[in-house]
Amino acid sequence: MSHELSMPRTPRTNALRLIDHLGPQAQILAIALFFIACCLVFTFMTDVFATTGNVLNLLRQAAPNLIVAIAMTFVITTGGIDLSVGSIVALTNALAAILLQQGLPWPLTILAILLVGGLVGLIQGWFIAYQGIPAFIVTLAGLSILRGVALLMTQGFSIPIASGTGFTALGRGWFLGMPAPAILAILAALAGLITLSRTVYGRHIVAIGANSEAARRTGIPTRRLTASVYVMSGTAAALAGIVIAARLGSGSSNAAVGFELDVIAAVVLGGTALIGGRGTIVGTLLGALTIACIGNGLILIHISPFFTQIVTGAVILIAIWLNTRLFSKLGRRR
Amino acid sequence: MTPFVQARGIGKSFGGLKALDGVDLDIHQGEVLALLGDNGAGKSTFVKILAGAQPQSRGEIRIEGRPVAFASPHDAARAGIATIYQELALSENLNVVENVFLGREVVRRVLGFPWLRRRAMRQRVDTLLRELDAHIPDPLARVGGMSGGQRQAVAIARALDQGGRLVIMDEPTAALAVAETRKVLKLVRQLAARNCAVILISHNIGDVFEVADRMAVFRRGRKIAERQRAATTPDEIVALITGAHPDARTADLAA
Ligand SMILES: Nc1ncnc2c1ncn2[C@@H]1O[C@H](COP(=O)(O)OP(=O)(O)O)[C@@H](O)[C@H]1O
Ligand SMILES: [Mg+2]
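So the sequences go chain by chain: A and B.
Position 316 of the first sequence, counted from 1, bears residue number 316 in my numbering, the numbering being contiguous throughout.
Position 219 of the second sequence, counted from 1, bears residue number 219 in my numbering, the numbering being contiguous throughout.
Misleading hints may appear alongside valid ones.
Unchecked claim - So the derived list for chain B, only partly shown, Cβ under 8 Å to chain A, looks like this:
id, residue
1, ALA89
2, SER91
3, VAL107
4, PRO114
5, ASP133
Hints in this document: simulated from the structure, not taken from any laboratory.
Quantities reported herein were computed from a predicted structural model and do not represent experimental measurements.
Even for Gly, the Cβ is constructed at its ideal location relative to N, Cα and C.
The task is simple: from the sequences and hints, build the whole structure.
Written as structure tokens, this is what we have:
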């Protein structure tokens with residue numbers, strides 16, 4: 001940094017200051033425009049896309065991704081990553097079905113599942129924050145181990161969940177004219193928005209991602225806070241597991257394969273910096289909706305589901321490419 | 001009046017190396033004290049001990065006459081000693097207000113949760129920056145886009161708001177352009193005018209003569225001279241630093 005300081009202001013550094021200033025807003029604006037463009041394209045190409053029924057269906061389908069993406073925004077803002085969320089969904093999804101089958105009342109089942117998700121996150125967070133193992137490695141191991149545990153518990157079979165209980169209502173029910181999962185997602189987004197921008201916790205999360213040494217020196221408990229974001233992502237993944245099990249009326253260890261990629265894509269598409277120190281919940285919301293929109297729209301225009309994956313992948317690549325192009329420069333200035 | 005800080009017989013050894021040896025030094029409030037000396041003379045080691053970043057091997061530090069033992073920079077900060085690190089410990093992606101209050105946010109408890117009182121913090125920072133006459137047009141702008149001098153101002157505002165009564169600056173202008181250096185030197189005088197004590201480490205004799213009230217010259221871990229600015233000249237200080245001065249030779253022989 002000392003060299004940078006003595007450097008005269010060149011056009012290049014001026015351009016960087018402009019990016020500095022416009023960066024977050026410009027990215028949110030870009031994703032908002034892209035989202036609107038997707039909506040318009042599908043509205044004109046199909047009769048069904050812009051109907052209330054389809055929009056509500058889209059929200060219901062987007063909910064699990066959205067819930068976890070909100071938590072993932074916190075994780076990525078600290079400069080971390082959680083690759084295990086898809087496997088946590090599978091584990092909790094299967095475990096919920098098993099517990100209900102064993103006759104555990106559904107409110108207790110939900111409580112137990114959320115605790116399991118939080119505990120898994122705590123264990124991973126401990127390895128990352130207190131043992132200094134990179135988040136990528138810890139959660140990659142988690143991805144493998146937790147999926148394995150889920151497979152072992154179910155032996156690969158899908159376990160049915162009796163319908164008509166409060167449990168299945170979480171996935172299929174309606175509330176205030178909205179699907180229950182969409183309500184949960186909206187609540188999660190509101191909580192995330194307020195927490196990140198209005199609370200001490202949220203500001204400290206940003207500070208850790210921006211400059212963890214500076215944060216530590218001011219007395220912020222950086223390790224505890226770093227561990228806490230994995231507890232958050234684990235709990236959110238457990239909630240997503242519950243919602244998916246409730247919607248499908250079964251628990252399966254094969255649920256949510258590749259889910260982590262959609263979640264990370266939503267966060268990065270929204271403009272949260274992979275290097276940490278900058279996160280936006282509004283961006284994540286738009287990112288998750290865009291991904292859901294592309295998936296839904298391509299199905300409606302009868303394009304092969306395989307093509308959906310290609311388009312989603314391409315969008316992710318371009319988004320991360322732009323993100324890296326813009327922010328690696330800022331990163332190098334540290 | 002009792003000096004704010006009294007250092008008595010401070011020594012520091014790194015293995016066999018004596019980085020500091022029997023340093024006595026007083027630091028008064030409202031006074032800028034410059035530490036001078038060749039590279040490796042022990043200046044940084046001395047201020048790190050004052051700042052609680054390292055323990056001394058020998059000797060005693062007294063704050064307002066009372067002996068203290070700092071276990072961490074936090075202890076020192078609580079006693080009113082703030083250090084502005086060479087690599088400024090600021091978060092680039094947070095704005096000025098957030099940086100000034102980082103780790104000590106002003107909050108209001110609602111429903112048991114601490115909520116940020118953003119307006120109160122903003123007003124406090126506006127006041128601080130105005131008092132320091134720091135040229136920071138927008139306190140809600142991110143620190144990452146700011147110049148070196150502006151960052152120094154943010155760090156100083158932070159130190160002041162923490163109730164810093166001794167501000168330590170280890171080569172604050174080493175990496176700054178001329179105009180920026182001027183601003184930082186002005187900030188240093190502002191601090192002293194607010195009755196803060198300031199320790200300034202600098203290799204630039206011109207800068208030191210511009211802001212310091214008193215100068216202490218270190219050589220090979222010892223304090224070999226102490227001068228009021230009015231009672232010395234740049235030539236004498238340079239001679240003390242390089243070892244050409246008779247006092248420096250006497251000290252070398254005694255070592
Ligand atoms: N952590 C350390 N371990 C070993 N030696 C050190 C350490 N810190 C400083 N020193 C040595 O102590 C001496 C004084 O260093 P320092 O206080 O940094 O000098 P100055 O700031 O005056 O240039 C030097 O010889 C330096 O190499
Ligand atoms: Mg030094």
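Problem set entry | Hints violated by the structure (listed by number, smallest first) | When the structure is compared with the hints, only number 5 turns out to be violated.
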